[in-house]
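Once you've looked at the hints, dock chain B against the given chain A.
2 protein chains.
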Amino acid sequence: MPVNKKRGQQSILFAAPPYITSTATIVGPMEGEGFLHDYFDMIMKDNINGQTSWEKCESYMLEWAIKKAVEKDGSTLDDIDYMLAGDLLNQLMSTHFAMRSLGRPFLGLYGACSTLAESMLVGAVLIDGGFGNKVAVAVSSHHDTAERQYRFPTELGVQRPLVSQWTVTGAGAAIVASIGTGPRIVAATIGKVVDMGVKDPNSMGPAMAPAAVATLWQHFQDTGRQPSYYDMIYTGDLGSVGKMLAIQLMQEKGLDLTPNYEDCGCMIYREEQDPHAGASGCASSGVVFCGYLYPALLQGKLKKILVVGTGSLHSSTSYQQKESIPCIAHAVAIEM
Amino acid sequence: MPVNKKRGQQSILFAAPPYITSTATIVGPMEGEGFLHDYFDMIMKDNINGQTSWEKCESYMLEWAIKKAVEKDGSTLDDIDYMLAGDLLNQLMSTHFAMRSLGRPFLGLYGACSTLAESMLVGAVLIDGGFGNKVAVAVSSHHDTAERQYRFPTELGVQRPLVSQWTVTGAGAAIVASIGTGPRIVAATIGKVVDMGVKDPNSMGPAMAPAAVATLWQHFQDTGRQPSYYDMIYTGDLGSVGKMLAIQLMQEKGLDLTPNYEDCGCMIYREEQDPHAGASGCASSGVVFCGYLYPALLQGKLKKILVVGTGSLHSSTSYQQKESIPCIAHAVAIEM
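Residue numbers (the working numbering), protein chains in the order written: chain A, 148 to 483; chain B, 148 to 483.
Chain A with its partners taken away, still in its complex shape:
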């Protein structure tokens, strides 16, 4: 019998916390003009980048980010034991087309915009459990593919409500390894599906906030930690509306997030870019973590962070059938 690494109801404490040995990011032009301009490995000139469809562009980004992370790690694709990845498209289209050319053992994950956290925690499980030495984890999203699939084709020019968020065009990848230097994945909390009855697919922040709060609350219960244990706590893509709601819901539970909490969806676009309630998509936490937070950890500007991936699990079919939106959040604690 191996050592039990489960803690409390929903959490894992890794016995030999895996290292994140490199990350890479690629984004579209709008993301490149935002707050994190200086932190991306590549900024595309437009949202199609010479491909014949937005989907192929998204697939290109995912593949590019993985290859770049592998290169920055000083590795080759053959050194990667497994790849774990996902995106927002039906049947993970972008991911599967990228995996076709990457040619490594692959496990497909779907957690909507929580997929980066899900893939980091499953990657850490594979490494800490002794099933391999290096895993590549990656996510992508694309504004135009996501809008077409979930809401309206962007060509229609439908006016977006103010509560809506802007799906990030970008991809982020990270290498999780058994040996190395750099930040380590020390703990994770696996979320439950939470659905508080929100039905508007334009209003994902408010839909996801209760799931984020449930996972955060459970993380503190399971680990015995307080929010102040972390230098910073980041949710994935609650946006400005969902972030306010998360703070309020945590306050009702007696925990104050205000001193050290931010949402990745509020860190990408400038106000004048008119993103409405902020950024969303798998690449929201993907490019903020892989582009901005990872170097900050490496440089010691941050020492302990909690990344809470937030996913809105609706489909266009569930919306058409007038169903409310099931949501989930997974937390990953990363320490330098």
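The hints are simulated quantities; they were obtained by calculation from the structure and are not laboratory data.
Treat the hints loosely; a few may be bogus.
Identical copies go unnamed one by one, so any copy, or any two together, can satisfy a pair.
Stated by the list, open to error - Under the rule of at most 20 Å between Cα atoms (straight-line distance), these lysine to aspartate or glutamate pairs were calculated in the EDC-like manner:
# : residue 1 : residue 2
1 : K450      : E180
2 : K400      : E218
3 : K153      : D225
4 : K153      : D226
5 : K219      : D188
6 : K451      : E482
What follows is chain B alone, placed relative to chain A:
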């Protein structure tokens, strides 16, 4: 540093092989009239079962199968550390709606019809790695939801080509545990995405056969085993056309599958039910393994089997964009 459990290029040998302590199945009426009539826990009277949509019926089946497997295990939902599940629908709609009421920590997986094998292997990784004691794994598919999404709404009555397969209406669930009795998951081989250029979404057996053969071949390379090591080898849903092709492709590699190989897609429907090339869907391997093979292992009729889940990873968007079909196969070795 933990013991390295990776073997060869793509395989895992579990150090303390997890037990499969119970399984459960539920199917539609057509599946109930097939070869495996006597092996299902529940046969629904029709494909909607009193729900207001086929999607809700599929979600009902998944939830029912999980609850039944938990009950047969003598457990309660609270005993289940994690749930791993997936289905064929966009954004795993059936799974997410089931998880809303099941209320357990959940990881969403997408491997199309390979999802049972994927969830069993990730479940075994969580148990063998010491991250929990009990995991529920489950998959569902539904003929009418899948046809509408991938091909034509069934109400149109479009004639199906003879190479096409019939998506199984059903769900299968299994409990994977650290202690218990019964068959154990001893090894797994994680597949790579393989795309040989097949573009017809009606022709999934031929599209998936090369992926199945690639994973089978690698499994034998990595483990040093021969096909004869196993009492039986089962692919998930190649159907009659894909099965012939798999045998032929393995013959070209010098390995003879004919003595001990069958495809789950050829084990469900009778010829006179006119399924054309056989069964497909997550529930093809789902209900065959959980309904028929698991009891055969328990009773000692089978001692060593290899289950190779096969997944066709296309989407209706990729088809409309004239892309070929990426496929994957994951293998799980189960021994009594």
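Checking K451 and E482: alpha-carbon separation at most 20 Å within a copy, between copies, both or neither?
within (4 Å within a copy, 43 Å between copies)
At most 20 Å between CA atoms: does that hold for K450 and E180 within a copy, between copies, both, or neither?
neither (28 Å within a copy, 61 Å between copies)
Cα distance capped at 20 Å. Does K153 pair with D226 within a copy, between copies, both, or neither?
Answer is between: at 13 Å across copies they meet the 20 Å cutoff, but 29 Å inside does not.
For the identical chains here, do K153 and D225 meet the 20 Å Cα criterion within one copy, between copies, both, or neither?
between (32 Å within a copy, 14 Å between copies)
Evaluate K400 and E218 at a C-alpha cut-off of 20 Å and name the case that applies: within, between, both or neither.
Result: close neither inside a copy nor across copies, 45 Å intra and 34 Å inter.
Same-copy or cross-copy closeness of K219 to D188 [CA-CA at most 20 Å]:
within (11 Å within a copy, 52 Å between copies)
In summary, the numbered hints that this structure violates are 1, 2.
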